[in-house]
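Peer 1: The lines below spell out each chain.
Protein chains: 2
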Amino acid sequence: MAEKITPRSQDYSRWYTDVVQQAQLADYAPVRGCMVIRPYGYALWENIKAALDRRFKETGHENAYFPLFIPMSFIQKEKEHVEGFSPELAVVTHGGGKELEEPLVVRPTSETIIGHMYAQWIQSYRDLPVLINQWANVVRWELRTRLFLRTMEFLWQEGHTAHATYEEAQEETLRMLDVYADFAINEAAVPVIKGRKSESEKFAGALASYSIEAMMGDKRALQAGTSHNLGQNFAKAFNIRYLDRNNELQYCWTSSWGMSTRMIGCIIMVHGDDQGLILPPQLAPIQVVIVPIPGSDAERGAILGACDTVRRALSDHGVRVKLDDRDEYSPGWKFNEWELRGVPLRIEIGPRDVTKEQVVVARRDKPGREGKTFMPMVGLPQAVAELLSQMQQDMLRRATEFRDANTFEPQDYESFKEAVANGFARAWWCGAVACEERIKEDTKATTRNIPLEQPGGSAPCIVCGAPAHEVAIFARAY
Amino acid sequence: MAEKITPRSQDYSRWYTDVVQQAQLADYAPVRGCMVIRPYGYALWENIKAALDRRFKETGHENAYFPLFIPMSFIQKEKEHVEGFSPELAVVTHGGGKELEEPLVVRPTSETIIGHMYAQWIQSYRDLPVLINQWANVVRWELRTRLFLRTMEFLWQEGHTAHATYEEAQEETLRMLDVYADFAINEAAVPVIKGRKSESEKFAGALASYSIEAMMGDKRALQAGTSHNLGQNFAKAFNIRYLDRNNELQYCWTSSWGMSTRMIGCIIMVHGDDQGLILPPQLAPIQVVIVPIPGSDAERGAILGACDTVRRALSDHGVRVKLDDRDEYSPGWKFNEWELRGVPLRIEIGPRDVTKEQVVVARRDKPGREGKTFMPMVGLPQAVAELLSQMQQDMLRRATEFRDANTFEPQDYESFKEAVANGFARAWWCGAVACEERIKEDTKATTRNIPLEQPGGSAPCIVCGAPAHEVAIFARAY
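As given, the protein sequences belong to chains H and D, one line each in that order. If you want our numbering, it's the 1-based position in the first sequence plus 107. If you want our numbering, it's the 1-based position in the second sequence plus 107.
Each hint should be verified, as a subset may be incorrect.
Same chains, same label: a pair holds when it works inside one copy or across any pair of copies.
[Stated by the list, open to error] Straight-line C-alpha distance at most 30 Å; calculated DSSO-like pairs for lysine-lysine:
#  : residue 1 : residue 2
1  : Lys547    : Lys205
2  : Lys551    : Lys205
3  : Lys309    : Lys205
4  : Lys429    : Lys156
5  : Lys441    : Lys164
6  : Lys463    : Lys441
7  : Lys463    : Lys429
8  : Lys524    : Lys309
9  : Lys205    : Lys184
10 : Lys164    : Lys205
11 : Lys551    : Lys524
Worth flagging that the hints you see were computed from the coordinates, not collected in a lab.
Looking at chain H on its own, in the form it has when it is part of the complex (with noise of 0.2 Å):
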């Protein structure tokens, strides 16, 4: 906790690591590319798939767990599929001290053993939609990876349904993106943009593919979360067949989406600072954290048992709260600890607080005085109450102001090229693989996506002149 994280100017990398390490998020795990997520890391995890379970389960989803190997024949059988992944694959050949007959690999997605089993339990219309959701580990063979970023293992939740026909597979897919858009935004305080990835950009195996698309602090791109229309590809490999009211039989149409630890990444890069992290209050492991400040020996029970009302009382309002009353450590040294691990409202209560009845409340993203009020005792949880959803509404404000005054609409490549180096680039594109190329090479920028809301009619795409129909967002991801 001593130790200094790396100011962001100076090395936004190494801050993201500095911050992730010492507010005990996570850590390196003797595993190449693995990760350990600590308990401060995993209660913002728990807060995040409850958010996110609540609305899978309103939208008429229900959970369920699939193996963790796949025989290797399952990953061939559908063309892009394999191709896609094969790189990435880990592979079990031994089990029970013996050389396996056919290699198992550890999954990196489930469509292709969940198909095979939807193949098995889907036999007419009346077994269709089927709306499952699976939280799992999963892994990649990453060769380059950051902690929350790109592991070879992660968690996530990856939701696959089958349907009828392909508009009901489309309407699932976009609800899901939705569910997605409205997490971020309203629990994570990340604005998002939702579209359509492009051709090159899409998940191996679908007919289109969907994504949210956030900007981080150091004005780059990051894939939230995906939803995939899977069009019939994996009900033809895996032969996922209904017979329909005129009991003839017709292949289903398929969808997965999902979203990872991740976004735990994109929350620490949309909100920290230089202090540390800020957590949003909806998602925050610990909301507010009660900090006594020591007064002289007489005092000092009045004032631990000041802090321990307040806290019965905002426990009981249903705010998650702390008192930090270790002995060992001074009130300044609690405060930096707090504020790097990014806890939204900090109260004070010192003797002369304890007299007047009431509290000093910093928030966290708001620096020294201007973020400090005082606040009487009576009526201190309906107020902290108010303050968590005002610093909430201020989060998500401040982070689409940044992302805003950062996308550019440039109307020449050079200026687009200048976008790219700062920021987000709005601009029309004719949909050609050749024009996304050049870009990569030119800028390291990547076709984000392109949003579903477009401003319609057509222009010169950006690079090459010819007419096109849509606007794309550029940017340089992670």
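Once you have looked at the hints, place chain D on chain H.
Peer 2: Just chain D now, kept in the frame of chain H:
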């Protein structure tokens, strides 16, 4: 659903598999020994998780997540541990298209990798105790597998704690045994015997292991949860040390404890009957199902309206309720299905009930007329909640009576053999491995545990006649 369940008396093992599959709790996966937990089974697991997780947090534990992959060298660091787990390991030898320098083991349990991390996190007595739990999947290469009871991959929680003294580690070990027993008794309605495992049955690497043991419907035993005092074995293997108050380096004392999806198998076998599952109300995904009894076309609207009113009233009262308003199935068919799936209470509402403002309530655990009562719609939620609570108690009482009626206290070896052929035997045991082994050879029964509650005194060992100071539970086990 239309298939018939094999009666228990005919083939208990077949009955079990029929129930698991037909109630749609789980299904066989395409990978040998693996299972798919279907939504209904997973919803039961979610309720088990919530009930356990609440208890873990109330006793001061936090959740975290450690990697799936463990370097082979870690497993080999603790001598007994490697001997115990080597035959069961699944091994990843290839990643990202290349052969790995060091093979990775898919975790069979996480003492080693967690021990490695604790060695880095723990410096001083101020860092102790460390009280962490993990919800995870683990893999053990089992040859003979059965859904939920013994599968190659299963879901579980594993608690791992580190302490300054033997006493604290032992206190934690027994505290968590109590937590498991409390969960089993008060949530799963499963009476359990808390006790110490014999030396030959203890966890590979533990100083002492403790278990809760339950009697299944076929009078065999099932170990439903274990808690281990690991002594300093793992601390020494992984160098988990702390500076004590005198500034001297000391090895920590660690514990671990786990409960798994096996508990679902336990619940099925303790409570199920020839009609299928009977789920304890506390854990049942659906506590009450409402089945409309069709009248004339003119009455249809009023009946469905009443059903929905009742559904909403129960749901508002916190009851997990489902209205089965499917047209394509008859009431009789629905009764069978929900009995098979073990829903505690069924509410029937027909034309006469609407007129009389009453409903018929049928208890799953009491067959036919005996379990049926009329209840007025006014005050129904309270009455239903009481009935659920009553049923929960009755299920525990019945399971306890069944166990006690089939637990014997044989006074000589001949009657001992008869006892373990027909249930549990409580008998004096000298503690010698030779006696344990003779019992196993003669009867297939094993030492389940040495109950914490002991009569005191001593008596001749049931096998060899040498002085014995403890009574043990012997039974054939899953």
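Peer 1: Against each hint, give a clear statement of whether it holds in the structure.
Peer 2: Evaluation of the provided hints:
Proximity of lysine 547 and lysine 205 under a CA criterion of 30 Å is satisfied inter-copy only: 29 Å between copies versus 46 Å inside one chain copy. For the homomeric pair lysine 551 and lysine 205, the shortest alpha-carbon distance between copies (28 Å) is at most 30 Å, but the shortest distance inside one copy (46 Å) is not. In the homo-oligomer, the alpha carbons of lysine 309 and lysine 205 lie at most 30 Å apart only across protomers (26 Å), although the nearest pairing inside one protomer, at 38 Å, exceeds that limit. Proximity of lysine 429 to lysine 156 under the C-alpha cut-off of 30 Å is found in both arrangements, the shortest distances being 22 Å within a copy and 25 Å between copies.
Within a single copy, lysine 441 and lysine 164 get their C-alpha atoms only as close as 39 Å, which misses the 30 Å cut-off; across copies the closest is 24 Å, which meets it. Only within a single protomer do lysine 463 and lysine 441 lie at most 30 Å apart by alpha-carbon distance; the minimum there is 24 Å, versus 66 Å between protomers. Taking identical chains as interchangeable, the C-alpha atoms of lysine 463 and lysine 429 lie at most 30 Å apart only when both belong to the same chain, with a minimum of 22 Å there against 54 Å between chains. For a Cα distance limit of 30 Å, the shortest separation of lysine 524 from lysine 309 inside one copy, 24 Å, qualifies, whereas the shortest one across copies, 66 Å, does not.
For the homomeric pair lysine 205 and lysine 184, the shortest alpha-carbon distances inside one copy (26 Å) and between copies (22 Å) are both at most 30 Å. With identical chains, the CA atoms of lysine 164 and lysine 205 are never at most 30 Å apart, being 42 Å at best within one copy and 41 Å at best between copies. With identical chains, the CA atoms of lysine 551 and lysine 524 are at most 30 Å apart within one copy only, with a shortest distance of 10 Å there and 76 Å across copies.
The structure shown violates just one earlier hint, number 10.
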